[in-house]
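Here's the letter readout for the chains.
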Amino acid sequence: MLPDILICDDSEMARKQMARALPAALRQQVSFCCNGKEALARIRNKAPDLLFLDLNMPELDGYGVLEHLHSEQIELLTIVVSGDIQPQAKARVFSLGATAFLNKPTAPAAVTELLAQYGIYSEPEQPLPSSVPPAGSQLEANVPDHPANAQPDLQLLLNDYLREIANVAMGRSSDLLARLLGIFVRQPIPTVAFIASSELHMTIAAANDKTHYSAVCQGFTGAGVAGEALLLFADSSFREMAEMLHYDNLDGPAVNIEVLMDMSSILFGAFLKGIGDQMDLRLGLSHPTVLGQHRQIAELLDHHHNREQQLLCIEITYTIENHNIQCDMLVLFTEDSLPFLQQRLQYLVE
Amino acid sequence: MPSLNPESVSSFHWMADMVESVEVGLVVLDLEFRVQMWNGFMEYHSGMTASKTHNKVLFELFPDIPRAWLSSKVEAVTLLNTRAFTSWEQRPYLLRFRNTRPITGTEEFMYQNLTISPLCGPSGAVEKVCLMVYDVTDIASSKRALERANEQLAQLSMVDKLTGLLNRGAWENLLDAEFSRYRRYGGNSTLVMFDIDHFKAVNDNFGHLAGDEAIRQTAATTRRHLRHSDSAGRYGGDEFAIILPETDIEGALAICERILSAISRETVTVEAHNINFTVSIGIAPLTDSPLNYMAWLEQADQAMYAAKQGGRNQIAIFS
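Keeping their order, the protein sequence lines are chains F and V.
Just so we're aligned: 106 in the numbering used here is position 106 of the first sequence, and the numbers increase by one with no gaps anywhere.
Just so we're aligned: 1163 in the numbering used here is position 163 of the second sequence, and the numbers increase by one with no gaps anywhere.
No lab work stands behind these hints, which were simulated from the structure alone.
Note that beta-carbon positions come from the ideal geometry of N, C-alpha and C, so glycine has one too.
Incorrect hints may appear among the rest.
As the list claims (entries may be wrong) - Here are the simulated distance ranges between beta carbons: (1) Gly182/F / Val1022/V: 33 to 41 Å; (2) Ala91/F / Gln1152/V: 55 to 63 Å; (3) Gly1207/V / Ser71/F: 36 to 44 Å; (4) Pro1063/V / His287/F: 24 to 32 Å; (5) Glu335/F / Glu1151/V: 47 to 55 Å; (6) Val1028/V / Ala91/F: 37 to 45 Å; (7) Gly1124/V / Gln28/F: 36 to 44 Å; (8) Val1028/V / Ser31/F: 53 to 61 Å; (9) Gly1047/V / Pro87/F: 44 to 52 Å; (10) Ser1180/V / Glu335/F: 53 to 61 Å; (11) Gly182/F / Val1028/V: 26 to 34 Å; (12) Gln28/F / Asn1274/V: 53 to 61 Å.
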């Protein structure tokens, strides 16, 4: 008998990618959930044979689901699928009872190998074309909220696609940061929004408080896309960050710039490379520059928008566990980049 | 970019020529900091030829280079296989190159931005790093000139940046004018001076950002209780002063009591600390006794001192 499979991920693109990575024969028995709460309700009602679980989700995240399964003593083969590739993330999910860990984006070969390893499913030696449905057609019918012949809302899909790509790219920069500092970086959920350039400061989560920030920015360009990345660092976090980076000198204005430059080198470099790899694109980076220091965010971003345009904004708010460190990373794509991004999206949804 | 055809000697030559002549310093180091490549830009500015530097340890060639700093950057680059950037604002230069422009150069040395890039061998492991040294003297000197100009403008301006109140100079001009007006036409006019009680403790306990926030909020509260014709200024540090034209002692007291009680009721929140504080206020109604505006100011200051002596969080009137 074929196993019942549940895929739980907040991103539609990730759900599809996961389903597509399954051997064709298994795709008929797949159902989907968009967050941890939904998944738990489904599992309590009738447990599937296998759960593919994302970590980074709204409502209830993957760690929460694992904790519930454990405390409610629900035995369920769970494979965590995540862009968070920090060694500590893996250690945590295993200690919470997960069976295996797959890196995003999911590769079909890795899934097949895992399924065989746990005795869930092995590809027949000689595939029987009559009994195995063709890939693709079955899949579309299985993905909820998205019938095969309805025209999907391109903007919503683009948001979802970028959130997932940002999620995977963020996993890489968190991993670098974690390795450099020997800490665990809590993976936030990236937000994606279209905004007018003049409204930038209003959309930033951190802009509402009166905290003072310093900012550094770095431009990036590739064939078809361009934009810039901004890192907003809370002034109150500098000293602790300098300590974690093991600087000899912890005070003085040069230290703050040192922190900004080091953090931006690590976070921007890995993040933009992650974005580029997924979109099959090489991105050139300009030298980062300090935008301003010790000011409120609205002031930092003021005077920088002479030309009104629609920007695509990815925002990631980093916090570091057990440390009073807060920084906000923004990646902004120019209006001219949208056709390219949409074209890449078409490849991925078709 | 055209791909380098390893069989074509000529393409190798012009590629090497390009690297040699590009206006960016290029240095390739192995992981022991031995120089593997040193391009023309580096030769011209350092006065050391490529053959002289080859295979020498960078720190021995240039003892002034901050060894620990550069080593930790290079370490991170090789560990993480990612580029690192440093800016002239954190460290003006890596290698001290003299300014080469006798007439137009305004700086003593070349300001530099630095990019440290990992170079991988065939196995994919980082085997060497490339230092790219950019001459940013023009940018640095114009940014520094702009900063100096802004400082001068701030001095010329009338508004205190932190509080939005008049700055000391502008406010004193008004005080002078009010004093002269009284001399000529008489009438009522009252001067108020106040400062935050135990302000040093706020700074010491909660940091300078908290102190700034206390000053800002005190100014905002003060402004809310004033009339259009009143002129408030930031006299210095945590000291404020207000000119109340056409106002007698009773009128001044009413305003000051409102300010005193409003400030004592408010809480300043900075980084999860809730800070409460009070002010001490001195009032000096203008009489014929002060000979100039500075003497009038001195009277208000004495009254404020009396309010402090009286136990703070109160108002005293010069008599």
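Tested hints:
A hinted range of 33 to 41 Å for the beta carbons of Gly182/F and Val1022/V is consistent with their spacing of about 38 Å. A beta carbon spacing of about 57 Å between Ala91/F and Gln1152/V agrees with the range 55 to 63 Å that was offered as a hint. In this structure the supplied range 36 to 44 Å holds for Gly1207/V paired with Ser71/F, their Cβ-Cβ distance being about 43 Å. Distance hint for Pro1063/V and His287/F: a CB-CB separation of about 27 Å, consistent with the stated range 24 to 32 Å.
A hinted range of 47 to 55 Å is violated for the C-beta pair Glu335/F and Glu1151/V, which are about 37 Å apart. About 38 Å separates the C-beta atoms of Val1028/V and Ala91/F, a value consistent with the hinted range of 37 to 45 Å. At about 40 Å, the CB distance of Gly1124/V to Gln28/F agrees with the hint of 36 to 44 Å. Evaluation of the 53 to 61 Å hint for Val1028/V and Ser31/F yields a pass: the beta carbon distance comes to about 55 Å.
For Gly1047/V and Pro87/F, the Cβ-Cβ distance of about 48 Å falls inside the hinted range of 44 to 52 Å, so the restraint holds. About 59 Å separates the C-beta atoms of Ser1180/V and Glu335/F, a value consistent with the hinted range of 53 to 61 Å. For Gly182/F and Val1028/V, the Cβ-Cβ distance of about 30 Å falls inside the hinted range of 26 to 34 Å, so the restraint holds. In this structure the supplied range 53 to 61 Å holds for Gln28/F paired with Asn1274/V, their Cβ-Cβ distance being about 60 Å.
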